[in-house]
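A.B. asks: Please construct the entire structure, taking both the sequences and the accompanying hints into account.
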Amino acid sequence: MSFTNSKTTRIVRSITGTDRVALVAGSVAAVCLLGAFVSFLVGSSLTAVFVVGFLLVVGYGWYARQALAAKGLAFLATVSTLLTMGLIIVFVLREALPAVRYMGPIDLLLLTGEPMWRTGGEQLYSLAPAIVGTLIETLLAVMIAGPLGVAGALFVSEVAPSWLRAILKPGIEILAGIPSIVFGYLGLVVLNPYFASSSAFGLPGLGSLLAVGLVVGVMALPTVVSVAEDAISSVPESMKQGSLALGATEWQTMTGITMPAAFSGISAAVLLGVGRAVGETMAATVILGNVTDLPTPIFDAFDNTTTLTSLIASQYGNASGLHVNALFAAGAVLFVTVMAISVVSQYIERRMLRTLGGER
Amino acid sequence: MSDAHERRLVNDDGSAFERVSAAVVGLGVLVFLYATASVFGVTSFETEIAGVGLATLFGIVLCATGGIVIVLGVCSRLGWVDTTPNETVGLPVSASFGVLGAIAGSLVGSQLLGGGAMVWLPLTALAAVSLVAVSVLPREDVGSTVPAGGIAIVAGVVLLGGVVGPEWEWNPANLEATFHAPLVVGAMIGLAGLLVTWAAATASAGFGSRGRQSGAYLLMGLNALAMVTIMAALVAFVTLKGASKAFAGIEIGLGVGPEIVGLALPIDWPFVMNVSQGIYVDIPGVLPAIMGTVWIVVGTVLFAVPLGVGAAVFLTEYAEQGRFTRIVEVTTNGLWSTPSIVFGLFGAAFLVPRFGNTNSLLSGILVLGFMLLPLVLITSREALQSVPDEYRDASAALGVSRWQTIRSVVLPAALPGVITGVILGVGRIAGETAPLLLVMAGSPFPSDTPGVFSSFEFSTTPPFVTNDALLTAASALPYQLYATITAGVGAQDAEAFGWGTAFVLLLVVLSFYAVGIALRAYFRSKLHHE
Chain A
1 MSFTNSKTTR
11 IVRSITGTDR
21 VALVAGSVAA
31 VCLLGAFVSF
41 LVGSSLTAVF
51 VVGFLLVVGY
61 GWYARQALAA
71 KGLAFLATVS
81 TLLTMGLIIV
91 FVLREALPAV
101 RYMGPIDLLL
111 LTGEPMWRTG
121 GEQLYSLAPA
131 IVGTLIETLL
141 AVMIAGPLGV
151 AGALFVSEVA
161 PSWLRAILKP
171 GIEILAGIPS
181 IVFGYLGLVV
191 LNPYFASSSA
201 FGLPGLGSLL
211 AVGLVVGVMA
221 LPTVVSVAED
231 AISSVPESMK
241 QGSLALGATE
251 WQTMTGITMP
261 AAFSGISAAV
271 LLGVGRAVGE
281 TMAATVILGN
291 VTDLPTPIFD
301 AFDNTTTLTS
311 LIASQYGNAS
321 GLHVNALFAA
331 GAVLFVTVMA
341 ISVVSQYIER
351 RMLRTLGGER
Chain B
1001 MSDAHERRLV
1011 NDDGSAFERV
1021 SAAVVGLGVL
1031 VFLYATASVF
1041 GVTSFETEIA
1051 GVGLATLFGI
1061 VLCATGGIVI
1071 VLGVCSRLGW
1081 VDTTPNETVG
1091 LPVSASFGVL
1101 GAIAGSLVGS
1111 QLLGGGAMVW
1121 LPLTALAAVS
1131 LVAVSVLPRE
1141 DVGSTVPAGG
1151 IAIVAGVVLL
1161 GGVVGPEWEW
1171 NPANLEATFH
1181 APLVVGAMIG
1191 LAGLLVTWAA
1201 ATASAGFGSR
1211 GRQSGAYLLM
1221 GLNALAMVTI
1231 MAALVAFVTL
1241 KGASKAFAGI
1251 EIGLGVGPEI
1261 VGLALPIDWP
1271 FVMNVSQGIY
1281 VDIPGVLPAI
1291 MGTVWIVVGT
1301 VLFAVPLGVG
1311 AAVFLTEYAE
1321 QGRFTRIVEV
1331 TTNGLWSTPS
1341 IVFGLFGAAF
1351 LVPRFGNTNS
1361 LLSGILVLGF
1371 MLLPLVLITS
1381 REALQSVPDE
1391 YRDASAALGV
1401 SRWQTIRSVV
1411 LPAALPGVIT
1421 GVILGVGRIA
1431 GETAPLLLVM
1441 AGSPFPSDTP
1451 GVFSSFEFST
1461 TPPFVTNDAL
1471 LTAASALPYQ
1481 LYATITAGVG
1491 AQDAEAFGWG
1501 TAFVLLLVVL
1511 SFYAVGIALR
1521 AYFRSKLHHE
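Residue numbers (my numbering), protein chains in the order written: chain A, 1 to 360; chain B, 1001 to 1530.
Worth flagging that the hints you see were computed from the coordinates, not collected in a lab. The beta carbon of each residue, even a glycine, is placed where N, CA and C say it ideally should be. Hints may contain errors.
Unchecked claim - Now the stretches of chain B that chain A is said to cover, found in silico as 3 or more residues with beta-carbon under 8 Å:
(1) 1340-1349
(2) 1390-1404
To be verified - Have a look at the derived ranges for each label pair, beta carbon to beta carbon:
(3) A:R350 to B:L1519: 29 to 39 Å
(4) A:D230 to B:S1511: 34 to 44 Å
(5) B:L1225 to A:P98: 45 to 55 Å
(6) A:E237 to B:L1519: 25 to 35 Å
(7) B:T1466 to A:R10: 41 to 51 Å
(8) A:R350 to B:S1447: 45 to 55 Å
(9) B:S1459 to A:R350: 46 to 56 Å
(10) A:E237 to B:A1016: 33 to 43 Å
(11) B:G1356 to A:R350: 40 to 50 Å
(12) B:P1172 to A:I89: 43 to 53 Å
(13) B:A1125 to A:P297: 19 to 29 Å
C.D. replies: Here's what the structure looks like:
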């Protein structure tokens, strides 16, 4: 209570301390901005009037009280990130709501009786195939990107000589930039025919979760390597030196000291890889056939199904009515999952910084 | 441990032991690399060398190296060479052997013997338990070499005995896939080669902790090599496939190119300078897509950089570190990891209905701008935080106000970091496809480019400024590639067009990354010199 009180008094004092011109200009700007936002939301052409008004006031404020105007604008920029997040949550959930109401939350996520997805006639939308597809894809991708990525990070940060590290680090970072659609095209043109050929798996159709998992795993690899490398190299040198001075080999130091100390950071890196794999859209859309059926049996990674992301990307173009809402529901599931992963990995990272006590 | 080095100095017997194990390491790495290459279809096991099939040759090599590795282990156990083995190989290694044994046991039981669960279940358990026992019970030198060598010998015998011939296949009842010989043989040889190499590497450093380090380093080095090779191969492959299409028909000479602002360019580059569809177009190009990407880059930078840098300034310079800054941080990181398709959905629900209910360039720019915002914010914040506090203190001590300090001291010092962050972020945005499908995409093969400059119109009634080009659908390089995949280029060779587009896209995105990373390295080295 006293905390809020002192805060209020501080705000009141800072308001009374500001001169009148700035106060008036600030409130006019705030009103204009609010007006612009509201009229944009309702789709009114008044938006432009409010925007022009805001710009005029800001221009005057910049001329008259530059320092204050700069601070105010910087604050608005900060608020804009919060606003973006808020708008995403509101709009995605609002559009998803009709589908949730129509199917019921349980059936929407878990209905597994045939058919699971029907857009005409008696409409039916079950996200179960997409969820299973996303799960299998993510699992495969993490099985590749996790261990190999962490081993790669360890190699880059601890084993490689400095000239090699000078090549590897930027190289890996550049490779993180290869667009996912290029990976998808490679998977479609190279991997799919290979898996269908009689020298590999002889799959009946083009596209399989295995191909997607492989491609997404390779895609997530550079991300995992860079983030895990940051975590490993942030372990204080003194800890490693202490271990080496006791006669431990470098490998013993890595497994006994460095890895445990960087464990949180490494798991945050792997979680980040998980997040990328879950949210990866284009590779999955292009490689998969996007059929809305469960794989049979359910763990069959060679089967052709869909993921949450590719479901949206492949069907949004010719969807209307409730179908669109169902796709928004898929987006909402995706959003909630990734947000949970992000928050958990941030918590882990913060804990690591606390326990290591390293400088930030 | 401490006398290990001394003993190695005076001991000559060890060198033969070391030389043999190093030779096995080399041979094993070769086997592994060749097997991997054959899995990817670069090489084939059908090849014959001196009248002997390659599969047979590999069988012999695997048997031989497996045998040598076992001999090395036994020599060490009998004390004929000086080594420093531990008591056991440890749980992780023996567990890995156990898993391998379980897989082999179940496959042999269910496929070769063709038995039901009564046959393969006990066999699986037996194989797993015996491999764990063989590896974990004896001293490390035997425990690591005998199972590895044994598996290699079994793999070699399978190859030599023709159990898995070229026509061999295995069709598991409940999976969609049929496992064909080339892939299975390649995987088997690769795995056996890897095991033997690891065991030999462990032996070459005399087992013990040094041996483990040598084995682990070998595996990690191979892993890094594989990673770099795969990535380099990807880029090389796209270049190989796409460059010829992308560079086809280039003419250089005065006035051969298309006119820009009344001046003819001295170069005609059809793939980059032609539109994708039209009556007079001989070579369809990706100019509309390139222009779309250019406008996206310009627009997102104009939208996101002021917001991102402003927010970063507020968070580092003005705000007290507390609950508010933490919430903003969590939100920013959350936005950073939000899937691009969700941004696309957001744009489709929020922006598209407010811009005339059609896909538009402006929606695309704004959605990608929302995606760029957290990237710019995070990197700018890091750059601002890395400006030393001494700078601020010195400025404040001179009586300079806080805003003046930020404007003339902090921001210039942080500028390099901000710029590299923006460039790297733009690289990511330029390759982003998914949101464009939902908010921006129009004709898959557009016949004109968005003329943003020429379509500004001003009026005295709100909304004062209109721009039709911004409010109509447009293309972009990544979307062009997607459109090629889904639609094809009509009569033209669709796949080659796709590779060409992929090549140009890769070129654009990777140059952003390369420039960003090079700039950062340059600024860092400058900082260290000062």
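A.B. asks: Would you say the C-beta atoms of G1356 of chain B and R350 of chain A sit inside 40 to 50 Å of each other?
C.D. replies: Between G1356 of chain B and R350 of chain A, where Cβ atoms are some 44 Å apart, the hint holds.
A.B. asks: Note whether the CB distance of E237 of chain A and L1519 of chain B lies within 25 to 35 Å or breaks it.
C.D. replies: Given about 28 Å between the Cβ atoms, the range holds.
A.B. asks: Has the hinted range 41 to 51 Å been met by the Cβ atoms of T1466 of chain B and R10 of chain A?
C.D. replies: Because 45 Å falls inside the window, the suggested range holds.
A.B. asks: Taking the CB of S1459 of chain B and the CB of R350 of chain A, does the distance hold inside 46 to 56 Å?
C.D. replies: For S1459 of chain B and R350 of chain A the Cβ distance comes to about 52 Å; the hint holds.
A.B. asks: Between R350 of chain A and S1447 of chain B, is the Cβ distance one that fits in 45 to 55 Å?
C.D. replies: For R350 of chain A and S1447 of chain B the Cβ distance comes to about 53 Å; the hint holds.
A.B. asks: Between the beta carbons of R350 of chain A and L1519 of chain B, is the distance compatible with 29 to 39 Å?
C.D. replies: 30 Å, holds
A.B. asks: Taking the beta carbons of P1172 of chain B and I89 of chain A, is their distance inside 43 to 53 Å?
C.D. replies: The hint (43 to 53 Å, Cβ to Cβ) holds, given that P1172 of chain B and I89 of chain A are roughly 45 Å apart.
A.B. asks: Using C-beta distances, would you say chain A covers the segment 1390-1404 of chain B, given that this needs three or more residues below 8 Å?
C.D. replies: n = 4 at 8 Å, threshold three: holds.
A.B. asks: Check whether three or more residues of the segment 1340-1349 of chain B sit with their beta carbon closer than 8 Å to a beta carbon of chain A.
C.D. replies: Since 9 is at least three, the answer is holds.
A.B. asks: Can you let me know if the beta-carbon spacing of E237 of chain A and A1016 of chain B is within 33 to 43 Å?
C.D. replies: 39 Å, holds
A.B. asks: Assuming the hint says 45 to 55 Å, is it satisfied by the Cβ distance from L1225 of chain B to P98 of chain A or not?
C.D. replies: Because 53 Å falls inside the window, the suggested range holds.
A.B. asks: Could one say that the CB atoms of A1125 of chain B and P297 of chain A fall in the range 19 to 29 Å?
C.D. replies: 23 Å, holds
The structure is inconsistent with hint 4 alone, although it conforms to all the rest.
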